[in-house]
Amino acid sequence: MSMFGSSVWSATIPDYEGRCLVSFSSTSPLTLCLLLLLAWCMVGFAGMVRPFSLAFVGRTLFPLGALVGAALAVVAATSLTQAPEQLVLPIGLPDLPVHLHLDALSGVFLVLLGAAAAGISIFAAGYFRQGEGTAPGLLCLQYHLFLASMGFVLLADDAYAFMLAWETMALSSYFLVTTQHRIPEIRKAGFLYLLMAHLGAISILLSFGILQGGSWHFTFDAMRAAHLDTNWATVAFCLALMGFGAKAGLVPVHVWLPEAHPAAPSPVSALMSGVMLETALYGMIRVSFDLLGQPLWWWGLLPLSLGLFSALYGVVFAAAQTDMKRLLAYSSIENVGIMFTGLGLAIVFAGVGMRAAAALTLIAVMYHALNHAFMKSLLFLGTGAVLHATGERNLGRLGGLIHRMPWVAWLTLIGVLAIAGLPPLNGFVSEWLLLQSFLFSYKVPHAFINMLLPLGAALVALAAALAGYVMVKFFGVIFLGQPREPTLQKAHDAGFAERLGLAWLALGCVLLGFFPTTVITLFGTVTKQLGLGELPLSNAPWWLLLPIPERESSYAPLVFFAVILVVVALATVSVRFFYHQRLRTGAAWDCGFGGLTSRMQDTAEGFGQPIRHLFQPLFFIVRELPSPFDTKPRYRLEIGDRIWRALYEPLGPLVRRVADKVAWLQQGRIATYLLYSFVTLVVSLALML
Amino acid sequence: MRVFDWIVQLMGIALALAAAPVFLGWVNQCRAWLQNKSAPSILQPYRGIRKLVHKDAVIAQNASRLFRLAPYVVFGAMVTAAAVIPSIATRLPITRAADAIGLVGLLATARVFLSLAAMDIGTAFGTLGARREMMVGFLAEPALLVVIFVVSLTSATTALPIIAERLAGQSLVLNPSLAFTAVAFTMVLLAENARIPVDNPATHLELTMIHEALLLEYSARHLALMEWAAALKLFNYACIGFAVFIPWGIATSDAPLGLTLSVMLLGVKLTVAGAGLAFIETVSAKLRVFRAPEFLATAFLLAVLGLLVRLLLGE
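Chains as they are written, first to last, in my numbering: chain A, 1 to 689; chain B, 1001 to 1315.
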C-alpha cells in the first residue's frame, strides 16, 4: 500500500518574487494531462532511436501512443466534474512564463482528442508499411508531436503558448500531409495547406492582439478582464472567425481541405478531419464565449450563414466526388458547417439573453464535434484499409468488398449510418438537439431575424438528408455490388491492429448514440462555466433524453433500439418457426436479361448525377462529348469548384504583379542597400526619441 | 394501469400490422373502381403475402448478409414507427421513445437499408433504383421535417402524441399555415410511398421504376416482408397525417369506450383517406423521373412557405 501511497506527490517551485508559480500535484488532472502530453512527445522522439525499424515503431510505439490517448481521455473525463485549474510554467522567454489551464471546455475537447487518438493510433500501428515515403521513425515523431500540440492548444492559457502550439500543430501536420513527398500533387496540396494555415494563424494572432485591449498582457485572464469597445470587439471576432474558419475548412476558406486531407496517409487524414478541425471549433468557442465575454447577438449571424452555406456546399460536392477520400473531405466541410451553424445560433441566443437555448445549442455543437471525431475517423480509417487492400482510391475501380473485407465493411457501415444521421446511432442525437434548439429561434426578439432563423432548420435538415445520399453512395459503391476490377478478388481484410482501431471508433459511435443523457450531463459543466447555465434534465429517467421538459420532446435511443431488435428477432424467429426455410442461390435475376457484368452497375459519377444536375449552378463543369465520327470516342467530365476559380485563381497574377512592383527596390547595388539601412536607422531613432 | 397501457400499445401494433395490407387493398380497390376496372378483393395484399410465404426463397450468388438482413431491418423499422405514431391512443409507453424528428430518422433508416440492399447484387436496375430512391428521399425528408416544424411551432412540442392532443384541443379554425403544410405533406406521402405522380406501384416497365426496382432481386419470404413493410409505411404515413391534421377522436386516456371509438374513427379516416389517395392517383399522370425533384422541391417550398406564414401570423 505504501508504494501506492507514495505515488501521490506534489512539488512547488517558487519564483524570484516568491509567488507560487508552479504547483504540481500528481492528483491534479491538469498535471496528469501535461505529463501525458509530454509522454506523447517522448514516444515520438523514441521513434528516432531506430527510425527505420518498422517493427519497433509499429508494434511498440504506436500502441504506446494509443494507451497514452486512452489515459488522456479518462483523465480529461474525470476533470469535467472538478473546478477549473491553472498552472504557470517558468519556461520559455524570461518574464513570459507559459500559462496553462484546464476547464470543462478544454476537458471536453481533450476527451475527444484522447479517445479518437487512441483508436487512430492502434489502427496506425498496423497501417504504416515500408514505402510510405517518410521513414517510420520520423513519421512517428511527426505524428506524436501533432497529437501533443493539439493537446497544448487545448490547454494553453495565454496567446504565446496558444500560437506556439497552434503553429507546431500546423507544421507537424504539414509534414504528415507530405509523407509521400515524391508525388508532385501531394507537395502542391501540402503547400496550399501550409499557406492557408499561415493566413489563418496571422488572423488569429491579430485577433489576440486586439483582445488584449491595450493592457499588453497576453494571458487569457487579461483578455477576459479587458473591456473592448463594440467596434474593436467585432473586429476581433471577425478575425478569429477568419482564422479558425480557415483551419476548420469553412467556405470560402475551405480550398485546402479537399486537397490536403486526401493527400495524407489515412490515419493522418482521420486525425486532421476528426480532431484538428474540432480544435478550430474549440478556439472559436473559447474566443466568442470566454475571451470576449458577452457576445453581441448579431455576430452569430456570420458563422450561422457561413456554416449553413458550408454545410450545403460540402455535401453537394461530396455527392459529386469520385475519389473516396475527397468525398470524405467534402463531408467534413459539411459537418464543420453544421457545427458553425450551431455556434452562430448559440451566439445569437446568448446575445439576446436566451441563456437556456444558448446552452442547449452549444451542447448540440460540442456533441456533434465529439460525434464527428468518431464517425469521420472511422470512415477515413476504413478507406485506409481499403486503400491498403486494393491500392485504389478511385470509386470507379472498387466494389463488392463486403465479401473480401467483411470486418472493415461492417464496421464502416456503423460509421456510415452514424454520419448519415440515422437513429439510434450518435450522429442523430446531435442533429436532433440542433433541430430542437432551432425551434427556439422564433422567440429571438428581433423582427425579420426571428422569421429567417427557423428556415435555417430547413437547410440543416436538407444537408442532413443529402448526407444520407452521399453515404449510401460511399458505402454502396465501395463495398456492395460486384467488384469493378478483377484485381479486387485478391483484396484481403484488415489486420488485427487495424480491426481493433476500427472497432474502438465504431463502439464510440454506438455508445455516444445510446447514452446521450450521460454525455449531456457532462457537457452541462461547460455551459455552466461559460455562464450559460445547465439544462434541466433531473426529473427524467436516465434513459430518456428530455432536454426541454416543458416541450415534452423526448428521445430514448435504448428503448428505440430495443423495440427494433425485438421486432427483428420476432420476425426472424417466426420465419424460422412457420416458414419452410428453403433457400436456394442462383444467378442474379436482373429481370431475366442475362449477361450481367460489373460495368452495368452505377458508377460513382452515375450515382452522383442527380445531385450534379440539381445543383448545377454550384459546380464548374467542363464536358467533352464525343462526336459521332470519332473512331475512339471519349467522354470526359471535369467538376471544379467555382469559388476556387472566382476567388483564388485571380490571386496568383495579382500577387505576381505586386511583387514585380516591389522588386524595383532590389537594385542589386551595395550602396543602395546601405542607404536603406541608414534611412531605417534614422527613422527608428526619430520614432524612439 | 401500466399493464393496461402495454396491452393497448401491443394492440395498436397488432392493429397496424393487420390493417396495413387491408388499407393498401382498399386503395387499390378504389383505384380500380375509379378507372372502370373490375376491382381485386380488398384482401388481395394478404393473398400476395401468403403466396410469397409459400415459395422457396432464391437469392443471387453474390448476395451478402446485408441483403438478407435488410428486409428484417426495414420491417422492424416500420413496426417501430407504427408503435411510435399515436394511431389509436396518445399516452402509450413506447411513444416517448422517439418524437416526430426521431420518426423521420427511423423512416430514413429504412430507406437507407432498402437502398443499400438494392445495390448489393450489383445489377443495373438495383443501383438505378437505389439512386432514385435516395433522390426522392433527400428532398422528401426535409420537406416532412419542415411540416413537423410548422406543427410543432403551433403546439410547442415535437412529440407526436402531444401534438395530436394539443391540436385536438384547439378550436376548429382554418389555419393557413396548416393548409400549406397539409398540401406539402400529401405530396411527400405520395412520393415516399411510391404513388403515382412520382412512381407507379403497378408498373411493369423497369426503366420507370423506383420502389419496385429496389425489390427486383428479392423473392419469397424476403419479398413478403418488404411488401408488408411498404404497406405499413403507407399506413404509418396516413396515421402521421391524421395525428397532425385531423387529430380529433384519438383516445387521450385509456378508457375502453374512448379506445373503441378511436379505432372506429381511425377506420373511417382510413376509408376516406384511401379513397382520396386513389382519386389523386387516378387524376394525375406519372411524372418523368427527372421531374420528380421539381415535384418534391415544390413540396419543400410549400412547407417552408407554411413555416413563413406561421411565423408571420404569430401566435
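Careful, some of the hints might be misleading.
Facing chain B, from chain A, some residues (calculated, C-beta under 7 Å) [claimed, not checked]: (1) G213; (2) W216; (3) W407; (4) L422; (5) Y469; (6) V567; (7) M600.
Covered by chain A, according to a simulated footprint, are these stretches of chain B (three or more residues, beta-carbon under 8 Å) [claimed, not checked]: (8) 1097-1110; (9) 1113-1125; (10) 1158-1167.
Pulled from the structure, derived: some chain B residues nowhere near chain A, Cβ distances all over 12 Å [what the hints assert, rightly or not]: (11) I1042; (12) V1074; (13) S1219.
Since the hints were derived computationally from the structure, they do not count as laboratory data. For glycine and all other residues, C-beta sits at the position ideal for the given N, C-alpha and C.
Against chain B, with CB atoms and a cut of 7 Å, does the hint on W216 (chain A) hold up?
-> violated, 48 Å
Should the interface hint for G213 (chain A) be scored as holding, given a Cβ-Cβ cut-off of 7 Å against chain B?
-> With a minimum Cβ separation of about 39 Å from chain B (threshold 7 Å), the hint on G213 (chain A) is violated.
May I ask you to test the interface hint for Y469 (chain A) with respect to chain B, counting a Cβ-Cβ separation under 7 Å as satisfied?
-> holds, 5 Å
For the hint on W407 (chain A), does the least C-beta distance to chain B fall short of 7 Å?
-> With a closest approach of 13 Å, the W407 (chain A) hint is violated.
Per-stretch coverage check for the segment 1097-1110 of chain B, three Cβ contacts closer than 8 Å to chain A = Per the Cβ count (9), the hint holds.
Are at least 3 residues of the segment 1158-1167 of chain B within less than 8 Å of chain A when you compare beta carbons?
-> Coverage by chain A holds here, the residue count being 3 at a Cβ distance below 8 Å.
Evaluation of the interface hint that places M600 (chain A) against chain B, nearest CB under 7 Å | holds, 4 Å
May I ask you to test the interface hint for L422 (chain A) with respect to chain B, counting a Cβ-Cβ separation under 7 Å as satisfied?
-> holds, 4 Å
Does the no-contact call for S1219 (chain B) survive, Cβ to all of chain A over 12 Å?
-> violated, 8 Å
Can we trust that I1042 (chain B) is non-interface, i.e. its beta-carbon lies farther than 12 Å from all of chain A?
-> With a cut-off of 12 Å, I1042 (chain B) remains clear of chain A, as the shortest Cβ separation is near 24 Å.
When the least beta-carbon distance from V567 (chain A) to chain B is tested against 7 Å, hint result = holds, 4 Å
Residues of the segment 1113-1125 of chain B with Cβ under 8 Å from chain A, three needed, outcome = Since three or more residues must qualify, the claim that chain A covers the segment 1113-1125 of chain B holds, with 9 doing so at under 8 Å.
Figure legend: structure checked against the earlier numbered hints; hints not met, in rising order: 1, 2, 3, 12, 13.
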